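Engineer: What follows is the residue order along each chain.
Protein chains: 2
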Amino acid sequence: MKVLVVGANGQVGKHLVKKIQDTEGLQAKAMIRKEEQASYFKDLGAEPVVVDLEGTPDEITKATEGVDAVVFTAGSGPNTGPDKTMLIDLDGAVKTIEAAKSAGVKRYVMISSFDTTREAIQEAPSSFSPYVAAKHYADDWLRRTDLDYTIIHPGMLTNDEGTGQIEAAEKVERGEIPREDVASAILASLQQESTIGKEFQIVGGSKSVHDAVKDL
Amino acid sequence: MKVLVVGANGQVGKHLVKKIQDTEGLQAKAMIRKEEQASYFKDLGAEPVVVDLEGTPDEITKATEGVDAVVFTAGSGPNTGPDKTMLIDLDGAVKTIEAAKSAGVKRYVMISSFDTTREAIQEAPSSFSPYVAAKHYADDWLRRTDLDYTIIHPGMLTNDEGTGQIEAAEKVERGEIPREDVASAILASLQQESTIGKEFQIVGGSKSVHDAVKDL
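Protein sequences, first through last, are from chains V and G.
Position 28 of the first sequence, counted from 1, bears residue number 28 in my numbering, the numbering being contiguous throughout.
Position 125 of the second sequence, counted from 1, bears residue number 125 in my numbering, the numbering being contiguous throughout.
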């Protein structure tokens, strides 16, 4: 299975590409924005592809052709300018969803925000709510497709080393999770078809990632 | 017919409320953000209602109850911060669309941007493209409802006095249009049921607003 990792150069993305390359039968195509980011992924044996999420649908579709799954883990994040929130977190995500449809790729794993409900938009601090709204509409767009999607809602991301232990459910208590464990949960979702059509929150916990995802 | 004007305190909104109040059989409910904006609308005989578009769906639905049509002419505009582009031009618009549905109001007139296609997002200058994207997704949301909608795509807005003459068609040459004439085109759309389910661009032209809208 070949997996297009959108946002490969992000912190979750880098963990994910490495884990994919370390997994028998999986191969990563790393979508990156700049040529100079390519060598890191080549060294891992992954295939880099340089495409800007602000680029045209055609460019993004071309990068998507020939893969078996798309993982969207790009993110301007809440700390970039809100112009990028619109163009990357929402519009960029939508373009990759449409690219998956155009390229005939059924499997799509979206890394969302912890809570992207209407209530979460309303309740978020004003600096954060545009980001929540962007993720809300991107998730909504994906749900309305007939793609084999999974939407993962991670808690607060940390750079701690992964523990391999998480809690996963439709609703969990708000908490932290190392980016490396988010990458593991993505990998487990790609490997377990039972996650198709599901969405769930993840935080640090006490179950192995594999079991936590299996038990959803 | 009672018309909720969302963004009544904007420049198009002010013209529109006045024109509605000057029209036999029409009455405006002016949705405004601040109490101190109310007296202008009271003086026109319109009913002001103070609601923030960043407010809850319940607040917006409550303001929508009892009217016969909603006009969305709010707009952070391309010159406000992009955080407001997300929360007003997209999310605020969506909330008013959902409010119309909840309140059982079928008629909805959206004032969009001149070109909100995918191509327009891609081709816009980078400072403008978040705004185009916001309007793209708001228009898309509206099209997917079963509301009796009309989407008006005005050319470059000016503060010139209205001429009462416009050009209107699915596609017209890019050009300017006085805000007052946009308000007249909204009024004509509200009065002509033939505009339901249609969307069109408008610029300054040589037909009376009534005829231009009738001939769509």
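Everything labelled a hint here was simulated from the structure, so no lab data went into it.
Note that the coordinates shown come from a computational prediction; the quantities given were computed from them, not determined experimentally.
Among the hints, erroneous ones may be present.
Keeping only pairs whose Cα atoms sit at most 20 Å apart, straight-line, the calculated EDC-like set for lysine to aspartate or glutamate is [what the hints assert, rightly or not]:
| id | chain 1 | residue 1 | chain 2 | residue 2 |
| --- | --- | --- | --- | --- |
| 1 | V | Lys62 | G | Glu199 |
| 2 | V | Lys101 | G | Asp140 |
| 3 | G | Lys84 | V | Asp22 |
| 4 | G | Lys84 | V | Glu167 |
| 5 | V | Lys101 | G | Glu119 |
Engineer: State for each hint whether it applies.
Structural biologist: A quick look at each hint next to the structure:
1. Proximity of lysine 62/V to glutamate 199/G is assessed by CA-CA distance (about 32 Å); at most 20 Å being required, the pair is judged violated.
2. Distance hint between lysine 101/V and aspartate 140/G is fulfilled; the C-alpha atoms sit about 18 Å from each other, no more than 20 Å.
3. Proximity of lysine 84/G to aspartate 22/V is assessed by CA-CA distance (about 43 Å); at most 20 Å being required, the pair is judged violated.
4. Distance check on the hinted pair: lysine 84/G and glutamate 167/V sit about 35 Å apart at the alpha-carbon level, beyond 20 Å; violated.
5. This hinted pair checks out: lysine 101/V and glutamate 119/G have alpha carbons roughly 18 Å apart, not beyond 20 Å.
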